[in-house]
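Peer 1: For reference, the chains in residue letters:
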Amino acid sequence: MSTADSATIRRKSLKKTITDSRAIQLIILLIGVVILWSLISAIIERPDRYLPSPMTTLFSSVDLLKKGVLLSFYADTLNRLVIGSVIGIALGIPFGLLLGLNRNIADMFYPLMNFFQSVSGIAIFPIIVIWFGNSNTTVMIVILYTSFFPIAFNVLSGVRSVPMRYISAARTLGASRFQIIKDVLLPGAMPSVAIGSRLSIGFAWRAVIAGEMLAGQAGLGNMIFAGQELDNTAQILLGMMLIGLTWIMLDHFLLRPLESDTIERWGLVQR
Amino acid sequence: MTGEAKLIVQGLSHHYPDEYTGESVHALDNIDLQIHENEFVAIVGPSGCGKTTFLNIIAGLLPYREGRALVDGTEIRGPGPDRGVVFQEHAILPWRTVKRNIGHGLEIRRVPKAEREKTVQEYIDLVGLSGFEDRYPHELSGGMKQRVAVARTLCADPVIMLMDEPFAAVDAQTRITLQDELNRVVMATRKTILFITHSVEEAAFLGDRCIVFSRRPGHIKTEVKIDIPREDRVWKDMVDNPKFTEARDNILRLVRSEVTNDVDS
Ligand SMILES: Nc1ncnc2c1ncn2[C@@H]1O[C@H](COP(=O)(O)OP(=O)(O)OP(=O)(O)O)[C@@H](O)[C@H]1O
Ligand SMILES: [Mg+2]
Numbered sequence: 001m002s003t004a005d006s007a008t009i010r011r012k013s014l015k016k017t018i019t020d021s022r023a024i025q026l027i028i029l030l031i032g033v034v035i036l037w038s039l040i041s042a043i044i045e046r047p048d049r050y051l052p053s054p055m056t057t058l059f060s061s062v063d064l065l066k067k068g069v070l071l072s073f074y075a076d077t078l079n080r081l082v083i084g085s086v087i088g089i090a091l092g093i094p095f096g097l098l099l100g101l102n103r104n105i106a107d108m109f110y111p112l113m114n115f116f117q118s119v120s121g122i123a124i125f126p127i128i129v130i131w132f133g134n135s136n137t138t139v140m141i142v143i144l145y146t147s148f149f150p151i152a153f154n155v156l157s158g159v160r161s162v163p164m165r166y167i168s169a170a171r172t173l174g175a176s177r178f179q180i181i182k183d184v185l186l187p188g189a190m191p192s193v194a195i196g197s198r199l200s201i202g203f204a205w206r207a208v209i210a211g212e213m214l215a216g217q218a219g220l221g222n223m224i225f226a227g228q229e230l231d232n233t234a235q236i237l238l239g240m241m242l243i244g245l246t247w248i249m250l251d252h253f254l255l256r257p258l259e260s261d262t263i264e265r266w267g268l269v270q271r
Numbered sequence: 272m273t274g275e276a277k278l279i280v281q282g283l284s285h286h287y288p289d290e291y292t293g294e295s296v297h298a299l300d301n302i303d304l305q306i307h308e309n310e311f312v313a314i315v316g317p318s319g320c321g322k323t324t325f326l327n328i329i330a331g332l333l334p335y336r337e338g339r340a341l342v343d344g345t346e347i348r349g350p351g352p353d354r355g356v357v358f359q360e361h362a363i364l365p366w367r368t369v370k371r372n373i374g375h376g377l378e379i380r381r382v383p384k385a386e387r388e389k390t391v392q393e394y395i396d397l398v399g400l401s402g403f404e405d406r407y408p409h410e411l412s413g414g415m416k417q418r419v420a421v422a423r424t425l426c427a428d429p430v431i432m433l434m435d436e437p438f439a440a441v442d443a444q445t446r447i448t449l450q451d452e453l454n455r456v457v458m459a460t461r462k463t464i465l466f467i468t469h470s471v472e473e474a475a476f477l478g479d480r481c482i483v484f485s486r487r488p489g490h491i492k493t494e495v496k497i498d499i500p501r502e503d504r505v506w507k508d509m510v511d512n513p514k515f516t517e518a519r520d521n522i523l524r525l526v527r528s529e530v531t532n533d534v535d536s
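Just so you know, the sequences run in chain order D and B.
Per the working numbering, the first sequence starts with residue 1, numbered consecutively.
Per the working numbering, the second sequence starts with residue 272, numbered consecutively.
Check the hints yourself; a few may be wrong.
Said to hold, decoys possible - Here chain B is said to cover these stretches of chain D; the calculated rule only asks that three of the stretch's residues, wherever they fall, bring their Cβ under 8 Å from a Cβ of chain B:
#: 1; stretch: 166-177
#: 2; stretch: 183-197
#: 3; stretch: 257-267
Please keep in mind that the hints were generated in silico from the structure rather than gathered at the bench.
Only a predicted model underlies this, so the values are computations on that prediction, with no experimental measurement involved.
C-beta atoms are modelled at their ideal positions from N, C-alpha and C, and glycine is treated no differently.
Take the sequences, apply the hints, and build the full model.
Peer 2: Shown next as structure tokens:
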């Protein structure tokens, strides 16, 4: 009892030390990037046109905030990302599972999936615009399309890679088909579900930005595009930074905790 | 032998089909075997002779067409909780804690949580895993993982327990400990056990009977009775027990002759 407890405490404090040193590393990295950026911006000619300083970029955000557009752009974009990728993943997981469980269905759908997976979201854009115009629907369809395949493919291969002996063990304990799916195949496919979700959300994130640019829908993508037309380089940089920072936050507060509570805790992947 | 026959195998043969050549691999040949209640039967035989094939058929994981196999009077058709299996490579689930692995069989049978936890705790204590209830398998040693596997099977309370070289993957020292422990567990639970092993010593130490398989296609070459009371089967005493050494040497000779034949042919 006591050995198990102290080991848990040791593990926790070790984890905290690692987190602390990571945070320090991140701060050093950030400071470095800001200094380098400021330096370049200070020595080039016409920095407002080519590379506005970090300060100028920050001020432009205050400007946009005052106008009230920054928050609404940001909310529009996040909204699309969340709805699009949640639906894409919610459809992709059962579809991948179905294919992983049934070889006949998998053989039937595989060529089709392979075909569509190679036709990127950008490549289907024109036809979707023809069907649905430059609308929000168009952007949503592209996001959904892009996020569906990575998760479906990964769940399929994840289910297939669950070692036979785990399935046999559950069967000899009297597990029904449903119980095998719930207790063995789904958790066993978790490493692939994690990889697939990461890819799906990452692709969806790119699709939102590209979709907003091409379909001219209000949002961060559109803000960047408009920045170029308005000769407002600071606005472009601001948009880029928000895109990148949002991804880092998603990774840190959503994807990583999910992974460390499941596949890392189970020892299925090493960090 | 005491008690009724829990496992009855009659004229069981098995051929693995080969899809590419069309020829088949003859793995088992006309096996007749009965295992009675509370009996511990060990099977030894050369590598590739069909021991795992035999166990998988009894477990219901491998369909058979030639011969008959009955557990508790019922023809085997697929796996079921009446036959618990401890696999050679540990097959406990990495995403379940020790406690939840051991209780998995009861969970599958929808035993209420309170009752389940009580039973699970008994088996955790029995195999000496107290203090590790909430650990995940990757945090355990090889020997501990096999203890979990044994406890999981016992906890589901099967009619017969099937073990396929369960201690083959652990070091010699741990192996001796696990063998002593298994004996203790067998005395406490009075389980009927079919135990496959490569080790002649292990078979002689644990088995009431030892079945010697021929090389492939596996058939029963002979059987050796090991008439030592379970209470006397402790490693520190067994090494000088003449009944044990005699049985061991006897089995060893029989297995050797199979392997030598193999080399000659
Ligand atoms: N799925 C399969 N398809 C075709 N042949 C198989 C299959 N499984 C086993 N065999 C063959 O059947 C024979 C018996 O195999 P089995 O695994 O039962 O042997 P074993 O006695 O358990 O060997 P070991 O002691 O090495 O574990 C071997 O010749 C093997 O090659
Ligand atoms: Mg084997």
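Peer 1: Hint by hint, note whether the structure agrees.
Peer 2: Hint by hint, here is what the structure shows:
1. Counting residues of the stretch 166-177 of chain D whose C-beta sits closer than 8 Å to any C-beta of chain B gives 10, which meets the bar of three, so the coverage hint holds.
2. With a cut-off of 8 Å between beta carbons, the stretch 183-197 of chain D has 5 residues touching chain B; three or more are needed, and the interface restraint holds.
3. With 4 residues bearing a CB less than 8 Å from a CB of chain B, the stretch 257-267 of chain D meets the requirement of three and the coverage assertion stands.
Hint compliance for this structure: no hint is broken.
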